[in-house]
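Going down the list, the protein sequences come from chains C and S.
Here UniProt numbering is used: the first residue of the first sequence is 1, the next is one more, and so on.
Here UniProt numbering is used: the first residue of the second sequence is 1, the next is one more, and so on.
Note that these hints are calculated values from the structure, not bench results.
These figures come from a predicted structure and were not determined experimentally.
Treat the hints with care, since some could be wrong.
What the hints assert, rightly or not - In the DSSO-like style, the derived pairs of lysine-lysine whose C-alpha atoms are separated by at most 27 angstroms in a straight line are:
| # | chain 1 | residue 1 | chain 2 | residue 2 |
| --- | --- | --- | --- | --- |
| 1 | S | 451 | C | 259 |
| 2 | S | 483 | C | 259 |
| 3 | C | 539 | C | 609 |
| 4 | C | 484 | C | 532 |
| 5 | C | 380 | C | 350 |
| 6 | C | 127 | C | 171 |
| 7 | C | 380 | C | 229 |
| 8 | C | 571 | C | 496 |
| 9 | C | 372 | S | 67 |
| 10 | S | 67 | S | 141 |
| 11 | C | 484 | S | 144 |
| 12 | C | 408 | C | 496 |
| 13 | S | 67 | C | 408 |
| 14 | S | 141 | C | 229 |
| 15 | C | 593 | C | 578 |
| 16 | S | 463 | C | 564 |
| 17 | C | 609 | C | 578 |
| 18 | S | 555 | C | 259 |
| 19 | C | 564 | C | 543 |
| 20 | C | 484 | C | 528 |
| 21 | C | 578 | C | 532 |
| 22 | S | 483 | C | 484 |
| 23 | C | 259 | S | 463 |
| 24 | S | 555 | C | 229 |
| 25 | C | 171 | C | 125 |
| 26 | C | 408 | C | 528 |
| 27 | C | 259 | C | 350 |
| 28 | C | 121 | C | 55 |
| 29 | C | 564 | C | 496 |
| 30 | C | 229 | S | 463 |
| 31 | C | 528 | C | 543 |
| 32 | C | 546 | C | 496 |
| 33 | C | 532 | C | 592 |
| 34 | C | 484 | S | 190 |
| 35 | S | 144 | S | 67 |
| 36 | C | 564 | S | 557 |
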Amino acid sequence: MATPLPPLRRGTLLLLLAILVGVLASAARADLVISKAERRVDLTSYIVRVLASLKVENVGPDPVSQVLLAFPNIQAKNLAAIRAFGSEGKLKGQSIVLPIEVVQPSGAPPELTFFSALLPKPLEKGKTLHLDVLTVFTHSLQPFPEEITQAEAQLVVYQDSAHYLSPYPVKTQTLTIRLPGGRVESYTRQNAKLVDSELKYGPFQDLPPFSYSPVIVHFENNNPFAVAKEVVREIEISHWGNVQITEHYNIIHGGARLKGEFSRIDYQSRPYVRGVSSFRHLIARLPPRAHSIYYRDEIGNISTSHLWGDSKKTQLEIEPRFPLFGGWQTTFTIGYGLPLQDFVFTSDGKRFLNITFGSPMEEILIEKLIVKVVLPEGSKDIEASVPFPIKQWQEVIFQDDWSVVQVKYSHLDIVGRPVVVLEKPDVIPEHNLYFQVYYRFSNISLLREPMMLITGFFLLFVACIAYMRTDMSISKNSPSYLAKLQWDEVQATVQKIQGIFEQYLAVHDKLEGSLRDLSRTGDTQTCKAARKAADAQFKELSKELKPLLTSLQSSPQSYQIWPKVEDLIAKEREMQEKLMTRHSTVVDSFEKKLRGQDVENRIGQQQQKIAALRQEVESLLEYISEI
Amino acid sequence: MAEPQSPTAVRGGGLRNTIGGVLCAFALLLIGVLAFSIRLFSVIKYESVIHEFDPYFNYRVTQFLSKNVIYEFWNWFDDRTWYPLGRVIGGTVYPGLPLTAGTIWWFINSLNIPLSVETLCVFTAPIFSTNASWVTYLLTKELKGPGAGLMAATILAMVPSYISRSVAGSYDNEAVAIFALIFTFYLYVKTLNTGSLFYATLNALAYFYMVCSWGGYTFIINVIPMHVLLCIVTGCYSSRLYIAYAPLVVLGTLLAALVPVVGFNAVLTSEHFASFLVFIILHVVALIYYIKGLVTPRLFKVAMTFVITVGLCMLYLPKLRSTFMSRVHIINLHFKVRLMLVLAPAASILSGIALSEAFKFHCVSAAAERYSAPSIVVTSRSHEGFYTFDDFREAYAWLRHNTEVDDKVASWWDYGYQTAAMANRTVIVDNNTWNNTHIATVGIAMSSSEKAAWEIFNSLDVKYVLVVFGGFVGYPIGDDINKFPWMVRIGGGVFPHIKEADYLRDGNYRVDAHGTPTMLKCLMYKLSYYRFVETDGKGFDRVFTTHHWMVRIYKLKPQKNRVRGKLKPKLKSSSKTSSMRKVGGKKNPWQ
C-alpha cells in the first residue's frame, strides 16, 4: 500500500530526519511550551494552505517577545506567504496581525528556516498566547504519475509531518488534512483516520521539540492547476479620468502532463469523465465599474467570454481558445479601464494610486508577476509602498532599490512617462493586497498634449497661408513666371471689368425703375432727369472701361477672354441703345397721352429684345467669371 | 450631390470661387470619410483582424519589416516556408504594400503613437481607398470638371467590386495598387494637359510605385500606349503627348527594373513590348512633324516616301520580324479577373451620372454582408442569432503554444500562409505555389495510404499534419475532402502512379460506404474521419481537434527503433493492406 515515492524526495526526507534527531539533543530555544497545536491543511486546490492554531504558554521566568516558527527548507522554498495573528489571554479575543521576519537563531540547523513572530508586548510568565499562523505553499502537490491519459484522473502526492515541527515542546496536537474529495490512493496509516474527505492524524501527546513524523497522502485532485509562467500587469494612469489596466498572461496547466492523444469526441460526449483533469475557463473578478473590457491574444479577439457586473464587482469568465490539458499552455491578454476617482487619491499635495497588487484571476499561481505602473508624463517624486514582508524574501528584488523606473513613450509623449516596475515571484491570491504609488503631478501638464496639437495645426495652417501668399518662384524672369504674372493681371482686369458691368446693369435697373414710377405718378420730368443721369453714368463708365480694355487687349494671356469681352461690350452697347430708345418712346407716348395699349404695341418688340440681350450679357458675365 | 459652386454664391468671382473651393474640399472630406467608413463593416461585425490567406503573408512580411531594416528585407530568405527549399521573399514579392504600411507604421511610432503593426495592416486598405477616391476626383476634374470629379469620387468610394478587395482587414496588394493606378493615370492626363516635364517625372514615379505594388501594372503599360497610338492615328499628335509618354517609358522602365520581382522582365517579357513599339512609333511621328516644320511641303513628300520605304525594308528583315510577330501579346485568362478590378475605377468614372438610392443601398449592403467576412472566423446565422466558429484560430493557437518552435507542419497549401503567420510554424507548402512538384508531394502524401504517407512526411521532416474537416458543421467554403480531387490531380500530374480513376466511383469522389478502397484508405480520408466514425490511425497520432471539428491536427509517430526480431512480423502484417502502400514503402514515390 505504501506509495511509491520519487526516490529523490524520500532520500531528502530521510536525511532531514537524521538531522532532526541530532537537533533534538540540543536544548529548546526558550521557555515556551505549546500546549495545544491544531493544524488544518487545505489541499482542495493547487495552492496549499496550512492554518496552525497554537496555544503558546510561557513557562520560563523571563518574558518572551517573539515566537519562533520552523519549517524544513524544502517546504520553506515553496512558501509563498506567511501570516500570524495573535491574541493574549485564556479566551480567544481580538487578534492582531503580528509582524514576521526571517531569523537565524544561533545553533539552529541549516536545514531549517526560522521565522519569528514578534509580539506587540512581551509574554509574561505563565501567560498564554493564541497564535494563528497561516502559511501558503506552492508547488507542494506533485502530480504522480507525472503523465496521464485524457480519461484518467489526476493524482497528486502531498508530504508533510504528522507532528508539528517546532522548536518548542508540544503538549497535545492534531493534524487535519482536507482533501478535495474523490479517490484517495494511499496515505500514511499511522495514527490516521479518514472520514469522508478529511484525514486526521493524532492526537499526539507530549512531543519534544523538533518532532518530525513524515506523512504522505496520494489522492485525486482535479481542480484546475492553472499556473501563470509570467504575468505582466500594466497599470496606466491618465488624469483625463481613466486607469487602464492591461494584463498579459502566459498560462500553463501545471498538473500531470497529457499522455497520448486528445480525443475531441470523448471530450465532447463525456467532458467530466474524459478530460476531468483539464480546465476550460478562468474567472477574473474585476473591480466594479470596469469598462471597455477586452480579451484577445496575438492573433485576434477570443470570443468565448462572459461578463457579469453589479455594484460590488465585475466578473469576467474567460475561456481560452482550447481546453488546457496537463502541460498545455496558451497566452492571452485582458484589458479594462477603471474610473480614475476610484483608485487615485490625493494626500498632502501628493497623489497616490491605491490598487491591488496581484492578478484578478481566481486561484491562480503566478510564478513571476511584473507590475508596471505607468504614471502620466511629468510626474515627479515617485515612490511606491508594497505591503509584503519584503525583507524576508531574498528572491524579491525590491529590497532597497525595489523599484526600477523605466520610461514608456505613448501618445505624443516627448520626455516619456515614468514607469514603476515591481517584480515578484510566486504570487498567489493572498497577495492581492492594496499597494500605493505616490507621485506629484500638476494639472497644467494635462494641457500639454492638447496645446501641442493646437499649436501643430495652427502652424500647419499658418504655413499654408504663408505658402499661398508668398512668391516662391526662384527665377523672376522665366517665361512661365512671367506668364503667371500676366495671367494674374488679366484676372484682376477682368474682375474690374466685371465690376463695371455690374454697375451698367444697376443703371439699367434704375432706368426700368424710373419707367415704373412714371406709370404710377405720371411725372415725366423726373423720368427725363433719370434718363439724363443714366446717360451721364453710361458715359462715365465707358470712360472708366476704356483703359481697362486697352490693357486687357495688350496682354498676351487674354487670347481666351478677349473675344468674349468684346462680345460683351457690343451686346452692352446695343442694350444701352435699345433701353434709351425705349425709355424715350415711353416718355414720349406718355406726354402725348397715348393709350396704354398703343404704348405696349410700340415698345413690345423692343422689350423682347432687351430681355434677350440682358440674358446674353448675364450669361457672358458668368462665363467670364468662371474662367 | 453637393455642387462645387453653391447656388447662394453671390455674383463676384472671388468670393464665389472661394466658397466653391471650400465646399468642394468639404465634400471631398466627406467622400473620404464615406470611403473609409463603408469599409469598416468587417471590423464592426467581426473584429479588427486580417482576412483570408494572402493578407496573412503580407502581414508577416510587414512584421518582418517593422523589426528589421530594409536591406535585411531585400535579402530575406525565409526558411520557415516551403521546407526544406525555403523561399527568397525579398526577390519574389511586390514590396509596395509592406513598404507602405511599414513606413506609415514607422512614422506613427516615431510620433510616439502606440499602434500595432496588425492594426495598421487592417486599416491600410480603407486609408488607401480614401486616397483613391481623392485621386479619382483629381483625375475626373482634369477631364471634365470639379462636379463630375466629385461624382466619380463618390462612386469610386462605394463601388462594390472595389470594396470587395479593400474592406478593413483585406490587406492585399490591390489595397494600395488601385490608388497607384488611378494616380498614375491622373498624372498622365495632367501631363497631357500641361505639357510639363515636372508632371511627366512624377508620372514615372507613380508608375514605379504601381510596379512595386502589384502585378497589374502591366495594365497601365498597355493602356497608355494604346491611348498614345489612338492619338497618333486620329492626328492629335502634339509635343505634349510626347512629353507625357516618352519620359514615362524611359524612366518608368528603368525604375521598374529596380524592383527585384520585376527586374529584367521589364524589358524581356511580352507584356512590355507594346509600350516600346509605341515609343518607336511616337519618335517616328515626332521626327516627321519636325521635318514637316523644317522643309517645304514638296520636299516633305519626298522625304516621307523615303522614310516609309526604309522603314518597310527594316520591318521585313526576317530577324526583326520573327521577334515582333511571335510575341504578339494576348491577355491571358488569368488576367481577366484582374482586368475587371482595374476597370472598376474606369467604369465608376464613366458612370458619373448613374447614381441612385438603389445603387447606394446595394453598395452598403454588399459591403456589409458579402465582402466583410474575414473567412478565418466563420459565422452561421441561427434562430438565436450569430454563431461563431473560431476553429482555425483555435488550431493555430494550439500549434503556436504547444509544439516546438522548429516543428514542421504539413497541410494543403491553402493554409500555408496562415500557419506561418498565426501559428508561427514552418510549413511545407503555402499559397505562393511556386513549386508544383513540392505541392504534388504533399498531394501525393494526402492521397496515399497511411504508411506511404508517413514515409513521405517523415522524409520531409514533418512533425504535424493539419487537415480541415467540414463534415461536422457543414463548413460552407470547402474542406480538405472537397479539395481532395485537386490533391489527386496535382499529385498525379507529377507522380503518375497516383491515378484519379482509382478514387472515382461512377465518376464521383465518394467518401461513404461506396467509396473506392483506394479512397477509403488514403490519408486524407483517414485523417478527416478518424474517430469521427470509428477508424484507426497507423503512423499518426491525433493530438488536437478543434471545438467544431473543423481543424484536426495529427502528429507523426516517431520513427521506430530498429529491432531485428520485431522487424519481420511487422512487415508481414502490413503486407495485408493495399498494394499501393507497398509501392510507397519500398521506393520513394517522390524521387
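Right, here's what the structure says about each hint:
1. 451(S) to 259(C): Holds. Residue 451(S) to residue 259(C) sits at ~23 angstroms (cutoff 27 angstroms).
2. 483(S) to 259(C): violated, 33 angstroms
3. 539(C) to 609(C): OK: residue 539(C) and residue 609(C) at ~22 angstroms, within 27 angstroms.
4. 484(C) to 532(C): violated, 43 angstroms
5. 380(C) to 350(C): holds, 10 angstroms
6. 127(C) to 171(C): holds, 16 angstroms
7. 380(C) to 229(C): violated, 33 angstroms
8. 571(C) to 496(C): Judged against 27 angstroms, a Cα distance of about 18 angstroms means the pair holds.
9. 372(C) to 67(S): Holds, at roughly 24 angstroms.
10. 67(S) to 141(S): violated, 41 angstroms
11. 484(C) to 144(S): Holds: residue 484(C) and residue 144(S) sit about 23 angstroms apart, inside 27 angstroms.
12. 408(C) to 496(C): violated, 61 angstroms
13. 67(S) to 408(C): holds, 19 angstroms
14. 141(S) to 229(C): Status violated; Cα separation ~61 angstroms.
15. 593(C) to 578(C): holds, 22 angstroms
16. 463(S) to 564(C): Cα-Cα ~83 angstroms, so violated.
17. 609(C) to 578(C): Holds, at about 8 angstroms.
18. 555(S) to 259(C): holds, 13 angstroms
19. 564(C) to 543(C): Between residue 564(C) and residue 543(C) the Cα gap is close to 20 angstroms, so the pair holds against 27 angstroms.
20. 484(C) to 528(C): Cα-Cα ~48 angstroms, so violated.
21. 578(C) to 532(C): Status holds; Cα separation ~15 angstroms.
22. 483(S) to 484(C): violated, 66 angstroms
23. 259(C) to 463(S): Since the Cα atoms of residue 259(C) and residue 463(S) sit roughly 17 angstroms apart, the hinted pair holds (cutoff 27 angstroms).
24. 555(S) to 229(C): holds, 26 angstroms
25. 171(C) to 125(C): holds, 18 angstroms
26. 408(C) to 528(C): Outside the cut-off at roughly 86 angstroms; violated.
27. 259(C) to 350(C): violated, 56 angstroms
28. 121(C) to 55(C): Given pair residue 121(C), residue 55(C) holds - Cα atoms ~16 angstroms apart, limit 27 angstroms.
29. 564(C) to 496(C): holds, 15 angstroms
30. 229(C) to 463(S): Roughly 26 angstroms separates the two Cα atoms, so the pair holds.
31. 528(C) to 543(C): holds, 23 angstroms
32. 546(C) to 496(C): Roughly 12 angstroms separates the two Cα atoms, so the pair holds.
33. 532(C) to 592(C): Roughly 20 angstroms separates the two Cα atoms, so the pair holds.
34. 484(C) to 190(S): holds, 18 angstroms
35. 144(S) to 67(S): Distance of about 46 angstroms is beyond 27 angstroms: violated.
36. 564(C) to 557(S): violated, 90 angstroms
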